[in-house]
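Student: Sequence:
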Amino acid sequence: MGSDASCIISGENQFPDETPLLNSPLMNKYDSNRLMSRFPDLPNVGTIEDLYLYTKSIAPDDDFYGYRDFRNGKWQNSFTFISRNQFSEMRNSVGSYIVSLGIKNDEHIGILSFSRLEWVVAQYACYAYGLIPVPIYDTYGWAAMNYIIKHANLRVSFVISTKVNELIHNLDDDSPLSDIIIIDVEDSPYDYDHIPKTSIKLHNYSEILKYDNIYPHHPPQPSTPAFIMYTSGTTGNPKGCIVTHANFISTAASIYTYAYPFSRDDKMLSYLPLAHVYEGVQHVVAMKVIGRVAFYSGNIKRLMEELNLFKPTIICGVTRVFERIYTAMNEKLQTKSFAARAAVHSIFGVKSFLLKNFRVKSFPGVDFLLKPFRDALGGNVRLFVSGGSALPPKVQQFIRIATNASFLQGYGLTESTSSCCVQRSTDVLNGNCGALLPWCEAKMRTVDHYNSTDMCGELLVRGPSIFAGYYKDDESTKNAFTPDGFFKTGDIFQLNKTGQLEMIGRCKEHIKLSQGEYVSLQKLYDIYSTTEKVKQIYIHAGMHSRFLTAIVVTEPGVDKNTILRNLDNKANDNNLLGFEKIKNVFITNNEFTTDNGMMTPSLKLSGHAIRQFYQNEIQVMESSI
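Last residue of the sequence shown? That's 625 in this note's numbering, and every number before it is there in order.
Bear in mind the hints are in silico, worked out from the structure with no lab data behind them. Watch out, some of these pointers could steer you wrong.
Here are the computed lysine-lysine pairs in the PhoX-like style, where the Cα-Cα straight-line distance is at most 25 Å [to be verified]:
#, residue 1, residue 2
1, K472, K150
2, K371, K336
3, K361, K497
4, K497, K478
5, K533, K570
6, K472, K497
7, K336, K301
8, K301, K394
9, K535, K523
10, K560, K533
11, K210, K150
12, K570, K560
13, K533, K478
14, K535, K497
15, K535, K581
16, K332, K301
17, K301, K311
18, K533, K581
19, K104, K74
20, K581, K523
21, K74, K336
22, K583, K533
23, K150, K201
24, K371, K356
25, K535, K570
26, K356, K497
27, K336, K394
28, K523, K533
29, K332, K361
30, K371, K332
31, K488, K478
32, K56, K74
33, K523, K583
34, K356, K311
Please take these sequences and the hints and turn them into a complete structure.
Tutor: Written out as structure tokens, the structure reads:
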């Protein structure tokens, strides 16, 4: 447990139901009395704005952000980059224009778009002019969007052209939104000749870039919110997490120093939502080293094409993305001859042995046979990073071996500004989240049948990356922390024999799907249990599930399509989000009872018993879509 990839156990436990304090293996390297809050080599950089200005001062004309241009009705086969000097001109025009609309310091500005150049221009325009960006997932339902717009009092919002008319049509009557800055999607520009009747003022982003009445800057402080990020991780309305500049710098510094230092030669393709803190932190780390970041064109169906075109050295993703890559690689393998498949399987066996026992990743004599796997991702990837939800070990191992790249898994939440723990680039093990980052100290407390004496339980974390609280929700903020200031993650972990943290599950019935979304099973049971023709229902969701499935008890003669239609109607009637909808069902007439063990003596569903009995049916449902 004393390696550079193992948590350090510090002293005795303070409370009988908790483990001793856990620290990062780097805790004593830089300052034994402090958790890491800044880059060790940049102690005066306390905000994202500070970091941007620092990198601009040393690399004003280097490539900064890139995009794939759309000209003459088609996507170009190259990426166009802008420098920090060009970026500064853009953000100054955009920020000054927002100020000209009467927006004051510390007001909130919405950003409703997938990740693209205009997104970060809006973000840094806010930083220059004392404003606070509020990202909105473009996949949110209208009820959630309306709530965020009103809760954050968004008077101005950037909106992609494909969402403008829908947004105007679905806005509540008491919405504060008065101005929309339209970001034209290249292959779906806004139709300015057919603007809906509305009192909202519409502004063309391209025209705003010409605004030249530049106002003075009002830069943020470390304690200033870098974002208010709304998360749907619990029941009810989204909660607004106040994530500060200091939080971002702390996490980025810890990742850079401990886990996977980017270099100036690195390239990253940005396709995950910047509304997710995980993607935002990666941008900050890349900026620190003057790395290049390019944006995908907005359609996930073009992702593999654009990875091959851009040839990134680092790919950050979530479980579902890596599952798609894994599936694509396996499908490609199945097209080969029997002899070729046998050779590849033999190579995988040898390389698995070398990785596990000798940490040897490369096997030059036969690696040329795996070249098509690497080439499919551009051929230059040296590092994969997975976050958002638990990664199946077989996916991590397969991609690591096929590409000769390091493959790390981490864990974190919006409230912890992304990562609490992550594997190091030298780690070759699967199924764990590595050791604590140097910003973080942690402990685990007994919950349910997970006992702290076994070094497992609910993970509690503390340090400078922990968010400032939930916006306008003091009660939830108070309840999120222990009396001694540790944030309650709600996730159950154990410390394994190598000193790394492994996620076991959730404390409550809030399950994180493989794409990273949380679903509240209790909320869904309350809704779906009253569906027409449904007598009983067991909803299945696991850490590796891509969507919800269900075992439904119904009367004889009711078919599957009827049940699916009724469940979908029930979901729509209750404004459920896409990932809260049940995508597949298995129909049975056999009720869940105490006699067959599928209900407890207190007449609650026994999920464990149902899963065991219907494990084959569940597997078929999850693999059939």
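Student: Now look at each hint and say whether the structure bears it out.
Tutor: These are the hints, each one checked on the structure:
no., hint, in the structure
1, K472 x K150, "holds (12 Å)"
2, K371 x K336, "holds (14 Å)"
3, K361 x K497, "holds (23 Å)"
4, K497 x K478, "violated (34 Å)"
5, K533 x K570, "holds (12 Å)"
6, K472 x K497, "violated (42 Å)"
7, K336 x K301, "holds (24 Å)"
8, K301 x K394, "holds (24 Å)"
9, K535 x K523, "holds (17 Å)"
10, K560 x K533, "holds (11 Å)"
11, K210 x K150, "violated (30 Å)"
12, K570 x K560, "holds (15 Å)"
13, K533 x K478, "violated (42 Å)"
14, K535 x K497, "violated (46 Å)"
15, K535 x K581, "holds (18 Å)"
16, K332 x K301, "holds (17 Å)"
17, K301 x K311, "holds (17 Å)"
18, K533 x K581, "holds (17 Å)"
19, K104 x K74, "violated (41 Å)"
20, K581 x K523, "holds (12 Å)"
21, K74 x K336, "violated (33 Å)"
22, K583 x K533, "holds (17 Å)"
23, K150 x K201, "holds (17 Å)"
24, K371 x K356, "holds (22 Å)"
25, K535 x K570, "holds (14 Å)"
26, K356 x K497, "holds (15 Å)"
27, K336 x K394, "holds (21 Å)"
28, K523 x K533, "holds (19 Å)"
29, K332 x K361, "holds (22 Å)"
30, K371 x K332, "holds (12 Å)"
31, K488 x K478, "holds (11 Å)"
32, K56 x K74, "violated (33 Å)"
33, K523 x K583, "holds (17 Å)"
34, K356 x K311, "violated (28 Å)"
Checked against the numbered hints above, the structure breaks hints 4, 6, 11, 13, 14, 19, 21, 32, 34 and satisfies the rest.
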